[in-house]
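Visitor: Each chain, written out:
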Amino acid sequence: MRVRLTTLGQCRMILRVASWIVPRRARTEWLKEWEAELVFAWQIWQARGGRLTSSQLRRRCWGAFIDAAWCRCNRDHLHTTGQHWFQTPTFVLVVLSGALALLAVGTANFPKLRAILLTPPYADPQHIVTVSRTGVVSSTEWVIPYSWVDIWRNHEQLLDGVAGYSWKPFAIGLTISGRYASIASVQVEEHLFSVFGVKPFLGRTSPPFNGQHSPNFILLSYETWRHTFSADPDILNRKANIDGQEAIIIGVLPERFWFPSANVGVWRLTDGKSFSNTLVGVVARLRPRISEQWVDTALQRDISNMTGESFWGQSLQVWPVQERIRQPLISYAAALTTTLLLLLAVIWSGRLNLYPRHAGAVTACRWWLFLTAKSVLLLLILLSAVIEFTPEPYVFPPGRTTFIWETASLWIFSVGCVLMLWWSLVDQQRRCRICLRRLILPAHVGTSGCLLLGWVGTELACPLGHGLLHVTETDVCWLDPARWTELDQSWELLFLDQLKDEVLG
Amino acid sequence: MDTPIKLSHTSALILQTICYGYRYGFDIMDVTGLPSGTVYPALRRLERDQLIRSKWESELAQERPLRKYYRITQLGNEVLQSAVKRYPLLGRMAPEVKSRGTLRSKS
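If you're matching them up, the sequences are chains S and X in order. All letters in the first sequence, in the order written, are residues 2 to 506 by my numbering. All letters in the second sequence, in the order written, are residues 233 to 339 by my numbering.
It should be emphasised that the hints constitute simulated quantities derived from the structure, not laboratory data. Bear in mind that the values here come from a model prediction, so they are computed numbers and not experimental data. Glycine included, each C-beta is placed from N, C-alpha and C at the ideal position. Check before you lean on any hint, since a few could be wrong.
[Said to hold, decoys possible] Residues of chain X placed beyond 10 Å of chain S at every Cβ, according to the derived structure:
id, residue
1, 236
2, 240
3, 251
4, 303
5, 310
6, 313
7, 314
8, 316
9, 318
10, 320
11, 321
[What the hints assert, rightly or not] Cut-off 25 Å, straight-line C-alpha distance, at most; resulting in silico cross-link-like pairs (DMTMM-like, lysine to aspartate or glutamate):
id, chain 1, residue 1, chain 2, residue 2
12, S, 33, X, 295
13, X, 300, S, 36
14, X, 287, S, 36
15, S, 33, X, 281
16, S, 33, X, 279
17, S, 33, X, 262
Sequences are here, hints too, so could you generate the full structure?
Guide: Structure, rendered in structure tokens:
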């Protein structure tokens, strides 16, 4: 007798536990049906030793979990839940976050964005400057004759070092241990990295002193070493082949170091003789407490005195490298600020009737949080896409192509800002002011021909019955383009019953 | 035009069992040998598709809770007819009940 009672108790306990899976609204009836079947089967068994054994009875009760799971989640339920989920603010945020994550994966974790935003691995980066000519017509006139660099080297009281580099990167075919890669490269003076004060990740940044000088010492960028040559730890002093010429790898530069362009993967060291009678880009390190303007004047005066150069209509420009790198961001920030001010003006004007004016503090806070999160995600996607999918940031000289791209990307960003923030506003307008769900059931109201006699537009309803949005078909000065009517709790039953049946249970 | 309802073999078997007069979940399990985890979700699906209809016993049961029973609908009968044509062996798989409510003798 005790065993049978225990069996019934165990079965009841199994059913109770399984019932927690069943949606709340159906739970009582579900449990009642199962317990009735259980009790009936148990009574027959008790009375005349029915066909079921206690283990069979328990097994049947374990099956209640599958039934309960079906009640909780089946194909129809998933379909309905999915439809309702598309209306929630969470859906928008998840989709936008997913798009940003996809972009991060697709671009290998935003290399260009990080190159611009993060501090470069230079010693005292605020003292590193480029020297260029301004007021020129041709893009090649931005650069400096190499003979001027030799003159400036004597300015020890102003400059801590100065070096030239071939300003335009070009693609080379690099072969190391049978592995071939086409990589952008620049030729730089051998002491350029000491001007930057950059410490190598592997090896050294200047050629070994052995009495002999070879022009074919090269350094690799961290990304090239890691991704193209699989982070080979024995790569130092290995012979490489650059378009048929032999070269020796003497070092790997640290992560995030890039100059003059983010796509440069190989730096070829030269003693400067190969730069004779050529135009080069110039980078210099200022001594502490020396201003750019001071250096600018002094360098220009030196050149005028030594070479008789008149700088007619032109001048020298000394420009901090870090500022030059981040210059596009300043333009982007200006465009963004303008757009944001417009956005706030639209919200505060109340023209779109967006803001839940009469809502409580929590609802208003949720409304602002959602709008902010959505807009920030949209802007992050736009900013990273514009920076990652336009040509590499380029330190100096800007050059025509770079200038065009910078201008184009700025325009794309500005227009994109306006479009995305406008979409964010329109999406916000078409959401419930209380629960932030997307409004449904659009219904056209009125007749267009009777515009002056009545209201013509579309009415949308909150899926949970919090309110109705009236959107006019045509802007009329005495009508709000959108009007939100909040419904009181008596309307909830009308909207909620079906939703609860379908989703909430 | 509505898409015709096509039953799986298991659902058709359960529907036919109900048609034969086995109206309770545990009875259907006894007759078909199907586990409860199969029978009950199938009953819910059949009821959702309006092939069967459930009702609570109205008569006063002695010392036991009222049970829920299932009845086949007109639509259910039509769908079952087409299912029998699709599954010719179906007719032989469930014994037609001779005395209805064998397991309901106490009710």
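Visitor: Taking the hints in turn, state whether each one holds.
Guide: Against the structure, the hints:
no.: 1; hint: 236; verdict: holds, 18 Å
no.: 2; hint: 240; verdict: holds, 13 Å
no.: 3; hint: 251; verdict: holds, 20 Å
no.: 4; hint: 303; verdict: holds, 15 Å
no.: 5; hint: 310; verdict: holds, 22 Å
no.: 6; hint: 313; verdict: holds, 25 Å
no.: 7; hint: 314; verdict: holds, 22 Å
no.: 8; hint: 316; verdict: holds, 26 Å
no.: 9; hint: 318; verdict: holds, 22 Å
no.: 10; hint: 320; verdict: holds, 29 Å
no.: 11; hint: 321; verdict: holds, 25 Å
no.: 12; hint: S:33 - X:295; verdict: holds, 15 Å
no.: 13; hint: X:300 - S:36; verdict: holds, 10 Å
no.: 14; hint: X:287 - S:36; verdict: holds, 16 Å
no.: 15; hint: S:33 - X:281; verdict: holds, 22 Å
no.: 16; hint: S:33 - X:279; verdict: holds, 18 Å
no.: 17; hint: S:33 - X:262; verdict: holds, 20 Å
The structure agrees with every numbered hint stated previously.
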